[in-house]
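Undergrad: Produce the entire structure from the sequences given, and follow the hints as far as they go.
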Amino acid sequence: MSREDHKYYFEVLELSPDATLSEIEYAYHHLKRLYSTDSIAIAPLAEEFSGKGKKKILEQIEEAYTRLKILLKNEQSIPPQKKSSVSKDDLKSEKDDSILFSGPGLRRVREKLAIGLYEISLSTKIRLELLENIEHERFELLPQEVYLKQHLRNYASYLSLVPKKVVDDYIERYRAWKSRDEDNTY
Amino acid sequence: MERVNRDKEGKIWAIGGGKGGTGKSFITSSIGTYLAGKGNKVVLIDVDIGGANLHTILGIKRPRKSLTDFFETKLPLYQLTVKTGIEDMYLITGDIHSLSSDNIKFFQKLRLFRHIMKLNTQYALIDLGSGSHTNTIDTFLIADKMIAVVEPEILSIENMYHFIKNALFRKVKVSLRAHGFREIVDHMWMSRKRYKIKNLKDLIDSLKGFSYIGDILAEELSDFTIYLILNKVRTGQDILVGSSIKSIFMKYLGIECQFVGYIEHDDSVWRSMRRRQPFMLNYASSPCTKEIETSTENLIKGNEIKLPRV
Numbered sequence: 000m001s002r003e004d005h006k007y008y009f010e011v012l013e014l015s016p017d018a019t020l021s022e023i024e025y026a027y028h029h030l031k032r033l034y035s036t037d038s039i040a041i042a043p044l045a046e047e048f049s050g051k052g053k054k055k056i057l058e059q060i061e062e063a064y065t066r067l068k069i070l071l072k073n074e075q076s077i078p079p080q081k082k083s084s085v086s087k088d089d090l091k092s093e094k095d096d097s098i099l100f101s102g103p104g105l106r107r108v109r110e111k112l113a114i115g116l117y118e119i120s121l122s123t124k125i126r127l128e129l130l131e132n133i134e135h136e137r138f139e140l141l142p143q144e145v146y147l148k149q150h151l152r153n154y155a156s157y158l159s160l161v162p163k164k165v166v167d168d169y170i171e172r173y174r175a176w177k178s179r180d181e182d183n184t185y
Numbered sequence: 000m001e002r003v004n005r006d007k008e009g010k011i012w013a014i015g016g017g018k019g020g021t022g023k024s025f026i027t028s029s030i031g032t033y034l035a036g037k038g039n040k041v042v043l044i045d046v047d048i049g050g051a052n053l054h055t056i057l058g059i060k061r062p063r064k065s066l067t068d069f070f071e072t073k074l075p076l077y078q079l080t081v082k083t084g085i086e087d088m089y090l091i092t093g094d095i096h097s098l099s100s101d102n103i104k105f106f107q108k109l110r111l112f113r114h115i116m117k118l119n120t121q122y123a124l125i126d127l128g129s130g131s132h133t134n135t136i137d138t139f140l141i142a143d144k145m146i147a148v149v150e151p152e153i154l155s156i157e158n159m160y161h162f163i164k165n166a167l168f169r170k171v172k173v174s175l176r177a178h179g180f181r182e183i184v185d186h187m188w189m190s191r192k193r194y195k196i197k198n199l200k201d202l203i204d205s206l207k208g209f210s211y212i213g214d215i216l217a218e219e220l221s222d223f224t225i226y227l228i229l230n231k232v233r234t235g236q237d238i239l240v241g242s243s244i245k246s247i248f249m250k251y252l253g254i255e256c257q258f259v260g261y262i263e264h265d266d267s268v269w270r271s272m273r274r275r276q277p278f279m280l281n282y283a284s285s286p287c288t289k290e291i292e293t294s295t296e297n298l299i300k301g302n303e304i305k306l307p308r309v
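Quick mapping for you: the protein sequence lines, in order, are chains A and B. Just so you know, we're using numbering that gives the first Met the number 0 here: the first sequence kicks off at 0 and counts up by one. Just so you know, we're using numbering that gives the first Met the number 0 here: the second sequence kicks off at 0 and counts up by one.
Derived from the structure by calculation, the hints contain no laboratory data. Heads up, a few of these hints could be off.
In the BS3-like style, the derived pairs of lysine-lysine whose C-alpha atoms are separated by at most 30 Å in a straight line are [stated by the list, open to error]:
id, chain 1, residue 1, chain 2, residue 2
1, A, Lys68, B, Lys18
2, A, Lys53, B, Lys164
3, A, Lys51, B, Lys192
4, A, Lys55, B, Lys164
5, A, Lys148, A, Lys164
6, B, Lys245, A, Lys53
7, A, Lys111, A, Lys124
8, A, Lys54, B, Lys305
9, A, Lys53, B, Lys172
10, B, Lys197, A, Lys31
11, B, Lys64, B, Lys18
12, B, Lys164, B, Lys117
13, B, Lys245, A, Lys51
Simulated restraints on C-beta separations [stated by the list, open to error]:
id, chain 1, residue 1, chain 2, residue 2, range
14, A, Thr19, B, Asp143, 32 to 40 Å
15, B, Leu74, A, Ser122, 55 to 63 Å
16, A, Leu127, B, Glu218, 34 to 42 Å
17, A, His28, B, Asp266, 30 to 38 Å
18, B, Lys207, A, Glu74, 31 to 39 Å
19, B, Lys192, A, Ile69, 41 to 49 Å
20, A, Lys124, B, Gly36, 30 to 38 Å
21, B, Glu152, A, Val145, 23 to 31 Å
22, A, Thr19, B, Pro75, 50 to 58 Å
23, B, Lys305, A, Tyr146, 27 to 35 Å
24, B, Gly50, A, His28, 38 to 46 Å
Where a beta carbon is used, it is the ideal one built from N, C-alpha and C, also for glycine.
TA: Here it is in structure tokens:
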């Protein structure tokens with residue numbers, strides 16, 4: 000099992016055969032999102048290409064991702080990264096619709112994915128303190144609801160969670176706190 | 000279009016992309032300015048027939064001689080070049096009063112291509128007009144580098160796909176015609192239901208199935224690469240549209256695509272145009288200037304843009 004044998008899978012993910020695990024993860028998430036949503040890049044071709052074609056591409060992407068992850072896991076020279084040791088089943092319980100995305104809940108998901116707050120902060124441009132405040136539910140330090148929603152959406156999509164569900168859950172808790180807070184003031 | 004043998008070392012880059020107003024002329028002039036600044040001789044050719052405006056972007060008067068003179072007289076192309084105010088960079092303007100692009104005869108077009116290829120210059124940058132007219136597409140196809148400018152916006156993307164698909168279709172047709180297969184492409188496309196062909200990729204895949212034709216196509220399409228420049232980018236998410244388009248080109252259309260760069264939306268571009276100043280020289284510190292330099296370097300070296308993780 001060498002990278003040479005897996006050339007096709009690297010091609011499916013549009014990577015060169017020397018790609019790192021994080022490049023593979025990134026390419027996988029990008030492509031998966033691209034071909035499972037109706038982005039502006041794909042919409043103009045929707046009429047020509049059936050849902051079947053899309054489905055096939057998605058299957059190829061999934062297969063390539065699974066194969067490459069196994070390949071990289073088996074590569075001795077590269078120390079296994081935490082992220083690869085999380086299997087989909089581990090996350091399933093967290094991604095399940097039944098879970099409530101409170102601050103600590105979000106934090107748990109993030110830690111399971113072995114993603115640091117700093118990493119999220121860098122790519123979402125959300126301040127580190129703000130992310131901490133979100134996770135610790137320091138509601139009094141959070142920005143206005145509209146801004147908060149946007150931050151939550153970015154945070155959620157970085158963790159590949161369903162943004163709407165995260166926003167709904169979190170905002171519900173935020174509003175509950177707010178009404179309590181207002182009650183106390185008067 | 001038949002490729003004419005080139006006796007010069009110069010490179011031809013064509014900048015197209017379908018929709019008007021995406022910044023083709025701005026990018027052409029800016030890339031030219033950068034190349035000239037590096038000591039290359041550069042000739043900009045504005046073939047936007049009827050809508051030539053490169054001279055305005057460069058802040059110079061409309062040249063008295065244009066491609067009209069080239070088509071109507073025996074004047075060689077190089078005699079139409081005028082100075083642009085930027086050292087080593089020249090302009091040939093396409094402002095045509097009496098001719099609409101439909102009226103350009105086939106042999107006139109071939110003559111223009113021959114002359115472009117013989118220009119004594121290191122770089123010939125062709126600024127194409129909008130639309131997917133055959134003349135525009137043929138001009139695009141003679142280039143060594145086919146550059147598509149697109150905005151991260153649905154209309155622009157739609158037109159660009161249309162333009163590139165037309166270019167690919169034309170390329171396939173012309174390549175096969177040159178080898179004596181005159182009718183096959185049209186025939187297969189007309190009876191596509193029978194061959195279960197739904198789109199251009201299916202068509203090309205079926206054609207590749209014929210042994211001899213397949214070899215011709217593999218050879219002729221081997222250098223069919225689209226170099227993508229994303230213009231008027233506003234957010235990090237916008238930049239991802241470039242990677243998405245590249246992916247769709249490869250997976251849906253079977254076209255090689257290199258995403259060479261993106262250029263931010265910047266009001267100073269608009270300001271400099273209003274003041275009729277050449278942008279690159281007056282706004283050296285604008286992020287756009289840097290991004291154009293990066294994109295051009297990537298074009299020269301055949302690299303892709305290194306993307307920030309968004």
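Undergrad: Against this structure, judge whether each hint is valid.
TA: Results of checking the hints against the structure:
For the given pair, Lys68 (chain A) sits about 41 Å from Lys18 (chain B) by alpha-carbon distance, which is inconsistent with the 30 Å threshold. For the suggested pair Lys53 (chain A) and Lys164 (chain B), the alpha carbons sit about 19 Å apart, so the restraint of at most 30 Å is met. Only pairs whose Cα atoms come within 30 Å are accepted, and Lys51 (chain A) paired with Lys192 (chain B) is accepted, the gap being roughly 18 Å. Restraint check for Lys55 (chain A) and Lys164 (chain B): satisfied, since their Cα atoms lie roughly 22 Å apart, inside the 30 Å limit.
Only pairs whose Cα atoms come within 30 Å are accepted, and Lys148 (chain A) paired with Lys164 (chain A) is accepted, the gap being roughly 11 Å. Of the supplied pair hints, the one linking Lys245 (chain B) and Lys53 (chain A) holds, its CA atoms being roughly 16 Å apart against a limit of 30 Å. Distance hint between Lys111 (chain A) and Lys124 (chain A) is fulfilled; the C-alpha atoms sit about 22 Å from each other, no more than 30 Å. As the CA atoms of Lys54 (chain A) and Lys305 (chain B) are separated by approximately 29 Å, the hinted pair is consistent with the 30 Å bound.
For the hint pairing Lys53 (chain A) with Lys172 (chain B), the CA-to-CA distance comes to about 28 Å; that is within 30 Å, so the pair holds. Restraint check for Lys197 (chain B) and Lys31 (chain A): satisfied, since their Cα atoms lie roughly 24 Å apart, inside the 30 Å limit. The suggested pairing of Lys64 (chain B) with Lys18 (chain B) holds, with an alpha-carbon distance near 27 Å, which does not exceed 30 Å. The hinted pair formed by Lys164 (chain B) and Lys117 (chain B) meets the criterion: a straight-line CA distance of about 28 Å does not exceed 30 Å.
Distance check on the hinted pair: Lys245 (chain B) and Lys51 (chain A) sit about 20 Å apart at the alpha-carbon level, within 30 Å; holds. Between Thr19 (chain A) and Asp143 (chain B) the CB atoms are about 33 Å apart, so this pair conforms to the stated range of 32 to 40 Å. Evaluation of the 55 to 63 Å hint for Leu74 (chain B) and Ser122 (chain A) yields a pass: the beta carbon distance comes to about 56 Å. Against the hinted window of 34 to 42 Å, the Cβ-Cβ separation of Leu127 (chain A) and Glu218 (chain B) comes to about 55 Å, which falls outside the hint.
Range check, His28 (chain A) to Asp266 (chain B): Cβ separation about 33 Å, and the 30 to 38 Å hint holds. In this structure the hint that Lys207 (chain B) and Glu74 (chain A) lie 31 to 39 Å apart at CB holds, the actual value being about 35 Å. At about 43 Å, the beta-carbon gap between Lys192 (chain B) and Ile69 (chain A) stays in the expected band of 41 to 49 Å. Our hint of 30 to 38 Å for Lys124 (chain A) and Gly36 (chain B) holds, since their Cβ atoms are close to 33 Å apart.
For the pair Glu152 (chain B) and Val145 (chain A), the supplied restraint of 23 to 31 Å holds, since their beta-carbon distance comes to about 24 Å. In this structure the hint that Thr19 (chain A) and Pro75 (chain B) lie 50 to 58 Å apart at CB holds, the actual value being about 54 Å. For the hinted restraint 27 to 35 Å between Lys305 (chain B) and Tyr146 (chain A), the CB-CB distance of approximately 31 Å keeps it satisfied. For the pair Gly50 (chain B) and His28 (chain A), the supplied restraint of 38 to 46 Å holds, since their beta-carbon distance comes to about 42 Å.
Consistency note: the structure conflicts with the earlier hints numbered 1 and 16.
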